[in-house]
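**Student:** Sequence:
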Amino acid sequence: MKAALAPRLAVLGAALLFSTGGAAIKGTALTAFQVAGARSAVAAVALWLLLPGARRGYGRDLLPAALAYAGTLVCFVVATKLTTAAAAIFLQSTAPVWVLVLSPLLLGEPMRGRDLPYVLAAGIGLGLVFLGSRQAAATAPDPALGNVVALASGLFFALLMITLRRLARAGAGSDRSLQATVLGNVLACLVCLPFALPVAAVAPRDGLSILYLGVVQIGLAYWLFNRGLRDLPAIEVSLLVLIEPVLNPLWTWLLHGERPSALAIAGGAVMLAALATRTLLEKPAAPASPAPD
1 MKAALAPRLA
11 VLGAALLFST
21 GGAAIKGTAL
31 TAFQVAGARS
41 AVAAVALWLL
51 LPGARRGYGR
61 DLLPAALAYA
71 GTLVCFVVAT
81 KLTTAAAAIF
91 LQSTAPVWVL
101 VLSPLLLGEP
111 MRGRDLPYVL
121 AAGIGLGLVF
131 LGSRQAAATA
141 PDPALGNVVA
151 LASGLFFALL
161 MITLRRLARA
171 GAGSDRSLQA
181 TVLGNVLACL
191 VCLPFALPVA
201 AVAPRDGLSI
211 LYLGVVQIGL
221 AYWLFNRGLR
231 DLPAIEVSLL
241 VLIEPVLNPL
251 WTWLLHGERP
261 SALAIAGGAV
271 MLAALATRTL
281 LEKPAAPASP
291 APD
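Going by the numbering used here, the first residue of the sequence shown is number 1, and it counts up by one from there.
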């Protein structure tokens, strides 16, 4: 019993840490590109030190996956700075829908009839999130733009899943998501650098937030995720990590007083319920994908 509990607690712990990203990002006075670039720089070093598997298995064939992950990271931070944390994480959760839409073109996998209800439900949830996230606030100064960027984050994460699947098909390795995560963080830092300069004096609180985001929210979280992933079925991992989009808005509300609208919450609930239902029905045998942010 204890042996079965340990990996579940590891994945739940990882999801809990991942869920704190929105509140930590909103708690800094730094710009979105400064946060994204610095967080990724710290995270790349932390992952390299914490996970021995992150130190090998690199090649040019990994570049598309790393670029997709870099896009996911940067877009999520930018979206979180512009719109509510709830909208940012809910809209990023549209990634599986993008996978279904793009797989016929990029993987040659046709969309099945049984996938259509899921796509429809996710579309309804998406519309509710957009309708419920239009009001600007102190912690969400430009929700319209932020919602679009959050949707782009979901698209980039879908491209990450697709490119990793193509790598596995090509025989380059059964799972290179860890390497894509490290290289993606390096690329995210490089992409953000021109937009992050110049940097004024960094307050101690902002410096601590960056260290937390890089070392704990990404580094330690991926270490826990990797430990749990080895001993759990992909379907169980996929369901356990659904607590991330549930808790993300909660921490932001408790720490910053940001309350998502009822429509946004309803939309997120519809999308997450559709995702959980499809996961249960699909029963995937493949390894679970890395967490997006």
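Honestly, the hints are just simulated from the structure, not real lab data.
Each residue gets a CB set at the ideal place from its N, CA and C atoms; glycine is no exception.
Check the hints yourself; a few may be wrong.
Claimed, not checked - Estimated spans, in silico, between C-beta atoms of each pair:
id, residue 1, residue 2, range
1, G59, L131, 29 to 35 Å
2, G257, D61, 45 to 51 Å
3, V101, R56, 19 to 25 Å
4, L105, R259, 38 to 44 Å
5, G59, L190, 14 to 20 Å
6, P104, A273, 24 to 30 Å
7, R230, A144, 41 to 47 Å
8, E109, V246, 26 to 32 Å
9, L105, F195, 26 to 32 Å
10, I235, P194, 40 to 46 Å
11, P233, L197, 42 to 48 Å
12, L63, V216, 23 to 29 Å
13, L5, V246, 18 to 24 Å
**Student:** Against this structure, judge whether each hint is valid.
**Tutor:** Tested hints:
1. A C-beta distance of roughly 44 Å is found between G59 and L131, which places it outside the suggested range of 29 to 35 Å.
2. Taking the beta carbon of each, G257 and D61 are about 46 Å apart, inside 45 to 51 Å as hinted.
3. Restraint check, V101 to R56: a C-beta distance of roughly 34 Å breaks the suggested window 19 to 25 Å.
4. Distance hint check for L105 and R259: the Cβ-Cβ separation is about 39 Å, which falls inside the suggested range of 38 to 44 Å.
5. About 18 Å separates the C-beta atoms of G59 and L190, a value consistent with the hinted range of 14 to 20 Å.
6. At about 25 Å, the beta-carbon gap between P104 and A273 stays in the expected band of 24 to 30 Å.
7. Checked against the hint of 41 to 47 Å, the pair R230 and A144 passes, with Cβ atoms roughly 42 Å apart.
8. The beta-carbon spacing between E109 and V246, approximately 29 Å, falls within the hinted interval of 26 to 32 Å.
9. For the pair L105 and F195, the beta carbons lie near 31 Å from each other, so the given range of 26 to 32 Å is met.
10. Hint check: I235 to P194, Cβ distance near 42 Å, so the stated range 40 to 46 Å holds.
11. Here the CB-CB span from P233 to L197 is close to 45 Å, well matched to the stated 42 to 48 Å.
12. Between L63 and V216 the beta carbons are some 28 Å apart, a value that agrees with the proposed interval 23 to 29 Å.
13. A hinted range of 18 to 24 Å holds for the C-beta pair L5 and V246, which are about 21 Å apart.
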